[in-house]
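**Q** Sequence:
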Amino acid sequence: MDQFISAFLKDPSGKNCQQLAVEFLPHYSTLISKAGGMLSPETLSYIQKALQEGKLTDMVSQIQEALTAAENASLEIAVIGESGAGKSSFINALRGLSHEAEGSAGVGIVETTMNKTPYQHPKYPKVMFWDLPGTGTPNFLPDTYLEKVGFANYDFFFIISSSRFSLNDAILAQKIKDVGKKFYFVRTKVDSDLYNEEKTKPKTFKKEKVLQQIRDYCLANLIGVGVSEPRIFLISNFDLADFDFPKLEQTLLQELPGHKRHMFALLLPTISDASVEMKRRFLKEKIWLEALRSAAVSFIPFATFLSGFDLPQQEQCLKEYRNYFGLDDTSIEEIADKLSKSVEDIRGCLKCLDFWSLVKDDSMAVKAAKCAESFYAVKGGPESSVIQGVKVYFLRLKFLDTVADDARHLLNKL
Numbered sequence: 003m004d005q006f007i008s009a010f011l012k013d014p015s016g017k018n019c020q021q022l023a024v025e026f027l028p029h030y031s032t033l034i035s036k037a038g039g040m041l042s043p044e045t046l047s048y049i050q051k052a053l054q055e056g057k058l059t060d061m062v063s064q065i066q067e068a069l070t071a072a073e074n075a076s077l078e079i080a081v082i083g084e085s086g087a088g089k090s091s092f093i094n095a096l097r098g099l100s101h102e103a104e105g106s107a108g109v110g111i112v113e114t115t116m117n118k119t120p121y122q123h124p125k126y127p128k129v130m131f132w133d134l135p136g137t138g139t140p141n142f143l144p145d146t147y148l149e150k151v152g153f154a155n156y157d158f159f160f161i162i163s164s165s166r167f168s169l170n171d172a173i174l175a176q177k178i179k180d181v182g183k184k185f186y187f188v189r190t191k192v193d194s195d196l197y198n199e200e201k202t203k204p205k206t207f208k209k210e211k212v213l214q215q216i217r218d219y220c221l222a223n224l225i226g227v228g229v230s231e232p233r234i235f236l237i238s239n240f241d242l243a244d245f246d247f248p249k250l251e252q253t254l255l256q257e258l259p260g261h262k263r264h265m266f267a268l269l270l271p272t273i274s275d276a277s278v279e280m281k282r283r284f285l286k287e288k289i290w291l292e293a294l295r296s297a298a299v300s301f302i303p304f305a306t307f308l309s310g311f312d313l314p315q316q317e318q319c320l321k322e323y324r325n326y327f328g329l330d331d332t333s334i335e336e337i338a339d340k341l342s343k344s345v346e347d348i349r350g351c352l353k354c355l356d357f358w359s360l361v362k363d364d365s366m367a368v369k370a371a372k373c374a375e376s377f378y379a380v381k382g383g384p385e386s387s388v389i390q391g392v393k394v395y396f397l398r399l400k401f402l403d404t405v406a407d408d409a410r411h412l413l414n415k416l
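Residue 35 in the working numbering is what sits at position 33 of the sequence shown, and the numbering runs on without skipping anything.
The reader is advised that the hints may include incorrect statements.
[Claimed, not checked] No farther apart than 25 Å at their CA atoms in a straight line, the calculated lysine-lysine pairs in the PhoX-like style are these: (1) Lys288 - Lys125; (2) Lys362 - Lys288; (3) Lys125 - Lys321; (4) Lys340 - Lys288; (5) Lys184 - Lys150; (6) Lys128 - Lys150.
Hints are computed from structural coordinates only; laboratory data are not their basis.
Please construct the entire structure, taking both the sequences and the accompanying hints into account.
**A** And the structure:
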């Protein structure tokens with residue numbers, strides 16, 4: 003963003019668009035996470051070309067389309083496994099719900115899923131987890147399984163086991179692959195395995211050695227029944243930050259389409275400093291695109307008055323960031339209960355709850371900037387574009403960084 007500002011201020015002419023086009027792609031690439039961004043290579047090239055040719059309307063249209071797709075993305079996630087494998091616990095963990103919470107997936111020692119059962123994400127209505135029965139029962143034989151559960155509706159599949167993966171799992175994986183869908187083998191309850199191993203062999207117990215044995219056993223088992231190069235992720239449903247869950251996150255973020263990747267990143271529970279930073283990177287990319295869109299729109303006289311980043315929008319933006327990082331009012335109550343503290347104590351250590359302290363600045367410089375913003379908004383042109391782009395970018399980034407810092411602070415208390 004700094005390059006954009008400098009280019010406009012030094013030379014407020016049509017040449018700036020060409021310069022911005024040259025700088026756009028590499029600067030954007032430094033913002034997106036290793037998993038990729040929400041823009042496809044084709045969209046990136048189109049935006050760069052529109053900038054170079056001064057077609058700001060086309061550029062705004064492309065950015066708006068990408069942002070809308072990300073905000074409205076739906077996800078249908080299938081979770082398959084035998085009774086007792088930990089499917090329901092896995093679904094609850096991804097939805098950020100305890101087993102006793104309202105709307106949580108049923109957890110028990112008996113079969114709780116005889117039919118496919120949908121579980122909506124509590125914060126993202128367009129994200130649905132489907133608890134599917136294991137294969138091999140009379141009602142769900144491998145040959146007809148995918149047709150019966152409606153495989154075409156799902157974005158990807160988790161195949162869950164708490165011990166060994168079966169021949170039916172291998173057959174199902176091959177069928178999923180044949181229809182062009184992604185699947186991931188998830189070995190649950192490794193925390194229980196480690197606990198039992200340490201209890202029975204306290205003198206020779208080595209955590210990494212046991213984990214490698216579990217991984218090797220699963221690999222040999224799947225390769226033995228015909229799965230080539232299986233990808234297996236060892237997890238604990240009760241400690242998602244441990245073991246292979248971060249690797250599973252990264253793999254999914256690399257393989258999902260851009261707009262769905264953004265949605266998946268936001269719905270993941272905030273469980274570690276790494277997950278906080280991952281969400282921050284994805285949201286910073288979105289901020290940069292929003293600022294670029296705002297800057298382009300502000301070329302038009304009076305447009306800033308119609309679509310500017312005013313106080314109600316700013317307050318809503320801060321609320322959205324709090325929601326993304328699990329610092330909304332409901333989540334704060336849950337955190338207070340978990341820490342055995344009062345809600346007031348938790349709220350008292352969060353800076354992101356005081357909206358006015360983040361936006362209020364009565365300095366002369368800020369007052370002068372507001373006057374300049376109003377003056378140039380009437381005229382439009384590059385000066386108006388710079389002012390509005392800078393305002394949107396740095397204010398949103400201030401909100402984001404404040405919320406992310408608060409999220410890290412609370413994680414260190416948990």
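**Q** Of the hints stated earlier, which fail here?
**A** 4
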